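Engineer: So the chains spell out like this:
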Amino acid sequence: MEHKKEQKTSATSFSDEIRSQLGGETITLCYQCGTCASSCPVAKTTERYNPRDIIRLSLLGEKQEVLSGGAIWLCSSCYNCQERCPQKVEIADVIYALRNIAIKEGHIPNIYSEFATGLMNEGRIVPTSKFVEKKRPEYGLPPLRPAGLDAMKKILAATGFDKIQWKKEGTP
Amino acid sequence: MEEAKVGVFLSNCGKQLSEILDFKALTEHVKKVSGVALVVQGNEFWRGEGLKTIVDAIKSKKINRLVVAETLPKLSEIAIVKAAEEAGLNPYLVEVIDLKDHCAWPHRDTPSEATEKAKAMLSAAIERAKLLEPLEKLEFPAVKSVLVIGGGIAGMQAAEDLADLGFEVHLIEKAPFLGGLAARAGRFFPTDDCAICIQSPASDVKAITHTSRKCVYRSGFSEIPNLNILTNSKVVKVEGVPGNYKVTIEKKPRYVDESKCVRCDLCTTVCPVEVPDEYNAKLKTRKAIYINTPPVHPPVYVIDESACKFQECAKCVEICPTKAVKLNQKTEKLTLNVGGIIVATGFKEYDPSVIKEYHYGEYPNVITNLELARMIDGFGPTNGAIIKPSDRKPAKRIVFIQCVGSRDRRWNPWCSSICCMISLKNAMLIKSAYPDTDITICYIDIRTTGREHEYYYEKAREMGIKFVKGRPTEISHDPDGNILIVDVEDAILRRFFELEADLVVLATAMVPSEDTKELAEMLGIELDQDGFFKEYNAKLRPTETKIRGVYLCGGATFPKDAPTSSLHAHSAAVKAAKFLSTGKIIKDQRTAFVNEEYCGDCEFCPVICPFNAITLVPKGEDHFVAQVSDLKCEGCGICVGTCPVNAIELRHSRPKQMEAQMNALLSVNGTSKPLILAITCSECGHTAVDSSGMAMMQYPANVRVMKVPCTGILQVHQFLQAFKAGAQGVMVVGCKTDGCHYEVGSQKAQKKVDLAKVLLKEYGIEPERLEMLHMVFIEGDKFAEAAQMMTERIEKLGPLQLM
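In the order they appear, the protein sequences are chains F and V. All residue numbers for the first sequence refer to our numbering, where the first residue is 1 and numbers rise by one. All residue numbers for the second sequence refer to our numbering, where the first residue is 1001 and numbers rise by one.
Incorrect hints may appear among the rest.
Here are the simulated EDC-like cross-link-like pairs (lysine to aspartate or glutamate), alpha carbons at most 20 Å apart as the crow flies [claimed, not checked]: (1) F:Lys88 <-> V:Asp1445; (2) V:Lys1469 <-> F:Asp162; (3) F:Lys44 <-> V:Glu1474; (4) F:Lys88 <-> V:Glu1474.
Calculated from the structure, these hints are not laboratory results. Note that the structure is predicted; figures quoted are calculated from it, not measured.
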């Protein structure tokens, strides 16, 4: 028997958006104990990154601040926070989910745009430089094999990677 | 059986109903139904003159079946049945229906359709009444004796209450001394009075020495008449039925005769064996012959058999002036005959050594709150000094960590509810005794919800105890200076701290006691998802279990503070006393019975019965048959719905009675809409229909309601039977699957409905014609809406084509 379903508003909240992403499902369990922050080697070295803050801001709907603030790119993926979280919030995975949303919405740090461009143009994240080409014979190494650009392009097309607007201005 | 002579009594409820229902037509209709000997109309039949009319009809007109259409059947039925019984009619031959909330009010917009439905409801009640059989009131003997399992605060309170009320009480405790967890805690919050009280609760048995009602240490717990205290004992087997249990107890030897020991302490002076004292957090050693702490009950030494050298040494035997030491004592097995059992097994501290980042068990200066409590206790291992266990030097900087293993989905997801107060208490006791101690409490949330508890928290802040809102990630040890470093972020300041500490105290989770699971299996009662004992109904029956005669109290159901445990214990004692007070248990006979000829000993019913009422008994060679205990059976009928060969029936809800009722309900339509049968359980399902009527929510009169004890009684073929009898759609309305009054009935019914849908499809019938709903009493709106939607759905599907 069908019953009245709760009407979802068309504008879903930011936390719902994160939860619908792979890795973002557990974000709402957070009770702000700070175990993640005190576990985090990055948070200890810079005030620009605090995982508890990122989760708090996300749950409060501060989407622009989280996506364009630059902090989400500083996670070193050590997963210490995730191992120790008493609520099993998959914090590092939440950060990945946030990065995916940020990329979709064009908040891309320049270095990631460069990686992406390199991958699409040459099949490599770091393009081969004249320096490397010159140095390898000196080390007795053969020239670098060309990257499988055709295969790479197929993969990038199949995953939708090449559809992403990688060039955006004003992002850190 | 004598021929049925049905008397039908139609109440107009003042004049409310005749404004909607055509009473003249109803009377004419009823008169024509075979077996009806009398039809009476009136304003009310459950009080005064109306009730007298019923009594007269039974006495003078020889009416032997009653059908009464009356409002508020939950109330009126009681008075009617009682009067009928007094007039000489078997009370189970009465059928009361509600023409107001089930017909007139929910269909007031369509009065002529309502009248047609009322006719069907009356016919159904008459047909059912004609097939009802007289049942007896059963009486079982009950032993006026109670077993209380667990000698902590709750068990002792319950035992004392019952003994004072004159019951024979056996209190068993698995440890050698009474007192449980609370006795080790030293002091109680929020009053800071001593926990020693609980070793002898507020018994009225007191010495002549002046003793106030508050100081309970000096009261004479062991001198309470009717109370048999068995320490070092545990339950190993439970047999029998409520009111009459045979419980086997294993009593480990104490090796000291309780009646002879005078507590002179000479034995400990000669005992050569020293072992770490677990009771006192291993902060001191004790001898192989020992007591936990001086104020202890029973005030008798005990020998630790894992440490004692027995005959090789026997120095204690030689020195004992009263010859109390008995090294040849053996484990005894005792059988107790009791009527009821109270489970008061409490809870225990979680072992935090699994939480590797806190290094409990590895760093000696990381301890638990209970271990700290032993230090604070003047009788404890340090005589009240707060020390670092590693070097026994005073601890000057102490950090508490809250929620260790609690509210942590990796270990125990629940809030242990008392640890905030315990930490505050311990912190303040230390701070008052040693004001220069630096104390920090790291917390996630401080939960101080009891009376005066918030003042306690205020006082702690006033005293200068520091609070950091943050859960530390790790404790590390700096061997330089033997200090601990607690790594925490203060979430408010957004700053990281490395707190230096001499002592770190873990406020560890409280978890179910050992052997909880085994005991639950022996008693046939449930545990909740966290492994604590589960009450039958936490709100209304907070000390009862689904098994009559087995009660719960104290921390066995969840961690509790001392006042709450006491309350719970007194409540359990009252329930047990009420159950056993008359020495007999009266129960009705609406129970299941087995037709042995058909029973194929498939073992389905003994497994499914939520009340363990069915056993398999041998019948001839290599053959067993199911047998139902009338005492244990609660009359849900889930076994009936489960039996694959229809060998079980439930008295008062037999298939032939249900079939006749169903056929009559569906015999008249009187509306232009397709007939729909709503089969409800008599608990939430039926009351949800009541509540939609009470609130005058409108739904179409083509929806007919039939009540069964629990939807678990239904069998797949009964859904098909309903379609055959004329239903175009069938709704099954039961309790929420996790709120079924018979535990699994609603969930089993759902499975059968799902299965029947598959079958319907095979037969070419749209499965959407059958639906199960789960609701609670106050969801009348949900029922009305569902009835409306089901009608629309069936109208869309068109008439049912049966092959």
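Engineer: So, for every hint listed, does it hold in this structure?
Structural biologist: Okay, the hints, checked on the actual structure:
1. F:Lys88 <-> V:Asp1445: holds, 18 Å
2. V:Lys1469 <-> F:Asp162: Given that 20 Å is the threshold and the Cα spacing comes to 46 Å, the pair is violated.
3. F:Lys44 <-> V:Glu1474: holds, 14 Å
4. F:Lys88 <-> V:Glu1474: Holds, because 17 Å separates the two Cα atoms, which is no more than 20 Å.
Comparing the model with each numbered hint stated earlier shows that hint 2 is the single one that does not hold.
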